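Visitor: What follows is the residue order along each chain.
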Amino acid sequence: MNQWSFVLAAYGVVIIATIVLLLASWRAMRDAEAAAEAVRR
Amino acid sequence: MHAFANPARFLKIARPATAWLLGLGLVLVAAGMAGGLLVTPPDYLQGDTVRILYIHVPAAWLGMAGWGAIAAASISQIVWRHPLAAIAGRAVAVPGATFAGLCLATGSIWGRPTWGTWWEWDGRLTSMLILFFLYLGYIGLAAAERERGGEGRMAALFGLVGAINLPIIHYSVLWWRTLHQGQSISISGGSSIAPELLWPLPLTMIGFTALFAAVALMRMRTELARNKLEARLRRSAAE
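Respectively, the protein sequence lines represent chains D and U. Residues in the first sequence are numbered consecutively from 59, following the numbering used here. Residues in the second sequence are numbered consecutively from 7, following the numbering used here.
Note that these hints are calculated values from the structure, not bench results. Misleading hints may appear alongside valid ones.
[Said to hold, decoys possible] Derived list of chain U stretches under chain D, where covered just means 3 residues or more per stretch with a C-beta under 8 Å from a C-beta of chain D:
1) 44–58
2) 101–113
3) 145–153
4) 219–227
5) 234–241
In this text, all values refer to a predicted model and were calculated from it rather than measured experimentally. Glycine included, every Cβ here is placed at the ideal spot set by N, Cα and C.
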């Protein structure tokens, strides 16, 4: 296999995992803060 | 540290800090990755696979730094009973496990064309795999304690004892000279990597660290909001 296949696979794994981690954390935070705010009202 | 013991004061700083860290992290990671993929030359020995260095090294650093943060939070919880320490420890565990897993994955992908194998029971690789399993154990233990309404002291003790693995990972390349190369990058200078290959690394190191900190802050804010929601629901049920 070409060396670039390994390079792109490694970058792909890191980019996807980082995006999933950021989006999941941001969504959980947004939902939790919205729910806490909704109960106060 | 105790200045941030008040969640309201902590949130006042954490809200803008989350956005700033996210912005800074995304810009630096994008710049470092673009530099590493498109600008730097291939290495004379490793060829293009050397480009994996720019994501593998930050993942290894954050996998280890994450457990260092868990150990610091554990001390803060056990010794000073800091109210945010257990929350901070739990918030760091998932991103720490993610980066420890990414370190193993990128190292394995780099190892196949360079060493001719995806995996070897080498001192550095094995101690890093143990760190990944320690993270999984910590996440499970902390979640179980929280579900039972505990303070998280068992998880804190586990976090402290697990920190013994950090010097083992660091010195593994000196103690067991097997496959993984020794230290080739030093903050104090004397790196054995040419500067024209090395310059994107500080960008991805700082960038991924900023993203890690942003994720940790987001997870802390999530847990604080859930605690607030539970307290309000309990109060309204009692009225």
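Visitor: So, for every hint listed, does it hold in this structure?
Guide: Right, here's what the structure says about each hint:
| no. | hint | in the structure |
| --- | --- | --- |
| 1 | 44–58 | holds (count 5) |
| 2 | 101–113 | holds (count 6) |
| 3 | 145–153 | violated (count 0) |
| 4 | 219–227 | holds (count 5) |
| 5 | 234–241 | holds (count 4) |
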